[in-house]
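Chemist: Sequence:
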Amino acid sequence: MDTALDVAVVGGGAVGTSTLFHLAADHDIRGILFEKGQLGSGSTGKAAGGVRNTFTSPANIAVGNRAIEYFRNFADRVGEEVPFRQDGYMYLFHSKAAAERWRDRAALFRRHGVGAELLSPAGAAEKFPPLAADAIGGALFGPDCGHVDPHRLTQAFGRAATEGGATVHTGTAVTDVRVEDGAVAAVETETGTHEVDAVVDAAGPWAGRVAGMVGLDLPLDLLVRRIVVLEGLSDADGPLVIDPERECYFGAEPDGSLLVCNTGEDIHDIENPDAATDQRVGYDYHLATAEAVSELVPALPDLSVRNGWSGLQTHTPDGHAIVGPTAVDGFYLGCGFSGHGVQQSPVVGGALADMVVRGQTDRIDAAAFSPARFEEPAAGRTEEMA
355 MDTALDVAVV GGGAVGTSTL FHLAADHDIR GILFEKGQLG SGSTGKAAGG VRNTFTSPAN
415 IAVGNRAIEY FRNFADRVGE EVPFRQDGYM YLFHSKAAAE RWRDRAALFR RHGVGAELLS
475 PAGAAEKFPP LAADAIGGAL FGPDCGHVDP HRLTQAFGRA ATEGGATVHT GTAVTDVRVE
535 DGAVAAVETE TGTHEVDAVV DAAGPWAGRV AGMVGLDLPL DLLVRRIVVL EGLSDADGPL
595 VIDPERECYF GAEPDGSLLV CNTGEDIHDI ENPDAATDQR VGYDYHLATA EAVSELVPAL
655 PDLSVRNGWS GLQTHTPDGH AIVGPTAVDG FYLGCGFSGH GVQQSPVVGG ALADMVVRGQ
715 TDRIDAAAFS PARFEEPAAG RTEEMA
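Add 354 to the 1-based position in the sequence shown for my numbering, that's all there is to it.
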């Protein structure tokens, strides 16, 4: 273990702060983190906070299983309580063909240690009473899944990291990463230059820009996802409900409000993340969302809008994050989470810390997430929505 290793983390979201924490807690490395805004002010702050293991990719399932176990014991690991509402995910289906696919997925989930229960329409409505049972063919319920508060998670990792000796610079944008003889040499910021041995690029939608500073071109696609928050229904309680066929999801919040997302209205092909951080959730989106969801929840069109927001997501061709070392010695990637960065952050942050210090990790399937996989023929997308 090289306790003299100087490590810079770029990006103060859930993944960046988790990496900073695990460097200190697991390896006695007191890193330095740079965030151009405030901790959690990027994509992390716009996340819904869902946590799941119901993926069709074994590599993502394994991360999900490990993350759920981490969240269940968060206070013991990090020293601060971050509540984990383990109220489940419920996936709706409508046709016999879809029912067969979900039966196959349930079998896959169980083989990998994932809780999976197939429900009748009436059984699904018992889980989420506002749901119209006659509008669906059935559902799969994943009882392991749940929710965390992205803000509290990020702040907890950040506080624990600084208590362990790490340094956090907010309001400090990284302007360049200097490379000498094929290796990271320094990070340049608006306030000065810092000589370092390694850089972890956890900059979310800006990760491609940071990687470009060292000559890397990442296969990342940006999209804007919007969420509307409606006044609550008295009986809206239970799991997050996802309808892949209708491209929507919805669920009750702790304050009683109803969070609704229409993924069919995502805005794709975003080129400049700076210009996409203030996308409005307008009335047109509300109408399209109400139309998509009202057959499932008949009471929804009568609910008043309380709030709404939009956030950037960074997707990869195969639905796996990009995690690990690159061709530039000392430059590591933790990006491209396809909307799963918050939930995967405890596991991936630990894996990145291991890779930086030890050169390997057993916390994830390193090959499945390796940046080098894109040098080979691309595989199809392997994971499910939401």
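Warning: the hint list may mix true and false statements.
What follows is a set of in silico ranges between Cβ atoms, one per label pair, in the way DEER data are often shown [said to hold, decoys possible]:
no., residue 1, residue 2, range
1, D382, D488, 55 to 61 Å
2, V659, D382, 32 to 38 Å
3, G636, G467, 21 to 27 Å
4, P608, R426, 17 to 23 Å
Here are the simulated DMTMM-like cross-link-like pairs (lysine to aspartate or glutamate), alpha carbons at most 25 Å apart as the crow flies [stated by the list, open to error]:
no., residue 1, residue 2
5, K481, E454
6, K400, E534
7, K450, D575
Quick caveat, the hints were computed from the structure, so don't treat them as lab data. All residues carry an ideal CB built from backbone N, CA and C; glycine is no exception.
Chemist: If a hint holds in the structure, say so; if it doesn't, say that too.
Modeler: Checked hints:
1. At about 59 Å, the CB distance of D382 to D488 agrees with the hint of 55 to 61 Å.
2. Checked against the given bound of 32 to 38 Å, the beta carbons of V659 and D382, roughly 49 Å apart, lie outside it.
3. Distance hint for G636 and G467: a CB-CB separation of about 42 Å, inconsistent with the stated range 21 to 27 Å.
4. At about 18 Å, the CB distance of P608 to R426 agrees with the hint of 17 to 23 Å.
5. With a C-alpha separation of about 21 Å, the suggested pair K481 and E454 falls inside the 25 Å cut-off, and the hint holds.
6. Restraint check for K400 and E534: not satisfied, since their Cα atoms lie roughly 36 Å apart, outside the 25 Å limit.
7. Annotation: proposed proximity of K450 to D575 is violated, straight-line Cα distance about 33 Å (limit 25 Å).
When held up to the earlier numbered hints, the structure conflicts with 2, 3, 6, 7 and fits the remainder.
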